[in-house]
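Enquirer: Chains as they are written, first to last, in my numbering: chain U, 2 to 304; chain P, 27 to 364.
FYI, nobody ran anything at the bench for these hints, they're computed from the structure.
Please note that a few of the clues may not be correct.
Facing chain P, according to a computed beta carbon distance under 8 angstroms, are these residues of chain U, among others [to be verified]:
1) 52
2) 142
3) 151
4) 152
5) 153
6) 167
7) 168
8) 171
9) 172
10) 176
11) 220
12) 239
13) 243
14) 279
15) 282
Even glycine gets a Cβ: it sits at the ideal position worked out from N, Cα and C.
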Amino acid sequence: MTTTVSATSPPAAPAPAAPPPARKGRNRAGKQLHGGWITYTVLIVFTVGSLFPLVWTAIAASRTNTRLAETPPPFWFGGNLFSNLDTAWNDANMGAALLNTAVVAGTIAAGTVLFSTIAGFAFAKLRFRFKNLLLMLTIGTMMVPPQLSVVPLYMVVAKLEWTDQLQAVILPTLVTAFGVFFMRQYLSQALPTELIEAARMDGASSLRIIWHVVFPAARPAMAVLGMLTFVQAWNDFFWPIIALTQTGNPTVQVALNGLGRGYIPDQSVIMAGALLGTLPLLIAFVLFGKQIVGGIMQGAVKG
Amino acid sequence: MPTTSGTAAPPAGQGGAAPRRAAETSPLDPREQRRRERLSRRYRRDIRWSPYAFIAPFFLFFAAFGLFPLLYTGWAALHRVELTDPTHMEWAGMHNFSRLWDDEFFWNALQNTFTIGVISTVPQLVMALGLAHLLNYKLRGSMFFRVAILTPYATSVAAATLVFVLLFGRDYGMVNWALDAIGIDPIDWQNGTWTSQLAVSTIVIWRWTGYNALIYLAAMQAVPGDLYESAALDGASRWQQFVHVTIPSLRPTILFTVVVSTIGATQLFGEPLLFNGSAGATGGADHQFQTLGLYMYEQGWVNLHLGRASAIAWTMFLILLLIAAVNWLVSRRLRKSQ
């Protein structure tokens, strides 16, 4: 992350008027100033608001259904966490669902990163006919809402007898226009054209250049795109609900949908299921939060 | 760096470096000549065709899973197709579309999509802008705040909605408990029209505010500092700097988030589906929070009318195109007026 505070801010030239008292934000030399207590208060309020529902999921998951149906609602952990997790694990097939989701999200992330990188490289650095037209087309496809393809996709999946098979979820999202565009933006800045020309001079084929020049240069962006795609694929709801109808082979989201739909819902078990489905990503956030934040911000500027 | 490539043309003569010129000047034996021709043919073929090979996977996948379904949906919308036998199609002409025109549930869903879209997108983006501004200060633990407000983004629609269903419960929910503590009567969040839409919007706002804040923050950090400098020299207050420097510099980013959020709002599906508990895809007892996405799902996968679902999907697409066109006009206007 680069803050744009310039290290070489001009030495305060004789000011025409006395500088106004220090402002928050940036002062007249363009330097960032410290946030005051109001800033901290507001941020803490938002932090609590962001984290509270998650913490409360864990609290509710550690209670009993009857305790949740009392006033006031519980504010601290109870002793039923493991029995609830156990019930969710068995009733909603959570073990299989977690494994399925990991496979689906992992494959989609890997495929998206690979295909987006090579296509992004072509759009960023290679010359070919219809390049701009094809690029516009790629960006245009981002406008097409997924609802629009669901009916025929379902027909295809039904015809191939893929309903309840993981490839029905994986294949349609194996590469995204966003990914291609993201990698193009990154590579057109991060990969010097001279490097490719030098490799060509040495007689390297395009595939060799991809392997030895593009992949190493693209690695940071590939990591970011991989993480973003993984989170998205893990949390995808709409298409899996349709493609995995029989719930014999669910992803986590399909399993949670099934849990929420029981006729006598046991809320604490549902919360335990929600916790199980969210936990892997939360752990990733604790471990790689900084990189994920950096990635999203980088994607925002370049994308 | 692949300087060790074995296929490199051997340096000719003493100068070495430029193989082409060397080939012109120094005589070569025919075998070497042929080898070079073969290499250069392969090289030209590589240069010419490999770009297409590199973008091919995307376009193949898009053709199979994007373009074909898009067109086929339009075709299916003109037919009577039932989920029970998706391969059997009966020509129906514009029937599915004309039926939508007289369908009060369609108009209801359209209106709900619009209102929920507005009350979830506007506060979300305004709060994100404010948050980004605060995060742009030099702060202790700034990374902690950034990660914390982004965490809801890692939560799935399903998990988030299930939690909020409990929090917004009529009898034992925490929101009503808190309202009671400050003397407000309990609210039936699920069954009221406005209240249920507000609750559904809350889930959207909760999940996406932090994400948008980070996008704004990234754009803010790219604003050159001397803009603030000269604004300060002109005696602009902090608020004036925010309005006259920050917001205009962020205009493309704001437009981008508006477009993305609008697309997201048109497609809203998981939140209203799960907020209804076990009652299914109706979006509440009175359809009070049924969105277009949900209505399409109900028509296709609950009532089994895939043709009708296709017609709804295409209508949604046309609405999106309309929004995009308006957006484009507005942004062009803004750019001109600058």
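Enquirer: For every hint, state whether the structure bears it out.
Expert: Going through the hints against the structure:
Interface hint at residue 52 of chain U: satisfied, since its Cβ lies 6 angstroms from the closest Cβ of chain P, which is below the 8 angstroms cut-off. For the restraint placing residue 142 of chain U at the interface with chain P, the shortest Cβ-Cβ distance is roughly 6 angstroms, inside the 8 angstroms limit, so the hint holds. A hinted interface residue such as residue 151 of chain U counts as satisfied when its beta carbon comes closer than 8 angstroms to some beta carbon of chain P; here the least separation is about 7 angstroms, so the hint holds. For residue 152 of chain U, the interface hint holds, the least distance from its beta-carbon to any beta-carbon of chain P being 5 angstroms, beneath 8 angstroms.
For residue 153 of chain U, the interface hint holds, the least distance from its beta-carbon to any beta-carbon of chain P being 4 angstroms, beneath 8 angstroms. Because the smallest distance between the Cβ of residue 167 of chain U and any Cβ of chain P comes to about 15 angstroms, over 8 angstroms, the interface hint for this residue is violated. Because the closest C-beta pair between residue 168 of chain U and chain P is about 12 angstroms apart, greater than 8 angstroms, the hint is violated. With a least beta-carbon distance of about 11 angstroms to chain P, the hint placing residue 171 of chain U at the interface is violated under the 8 angstroms criterion.
Satisfaction of the interface hint for residue 172 of chain U is found here, the shortest Cβ-Cβ separation to chain P being roughly 7 angstroms, below the 8 angstroms cut-off. Look at residue 176 of chain U: its Cβ gets to within about 5 angstroms of chain P, closer than 8 angstroms, so that hint holds up. Residue-level restraint check for residue 220 of chain U is violated (minimum Cβ-Cβ distance to chain P is 15 angstroms; threshold 8 angstroms). Interface restraint check for residue 239 of chain U: the shortest CB-CB distance to chain P comes to about 5 angstroms, inside 8 angstroms, so the restraint holds.
Proximity of residue 243 of chain U to chain P holds as hinted, the smallest CB-CB distance being about 6 angstroms (cut-off 8 angstroms). A hinted interface residue such as residue 279 of chain U counts as satisfied when its beta carbon comes closer than 8 angstroms to some beta carbon of chain P; here the least separation is about 5 angstroms, so the hint holds. Proximity of residue 282 of chain U to chain P holds as hinted, the smallest CB-CB distance being about 4 angstroms (cut-off 8 angstroms).
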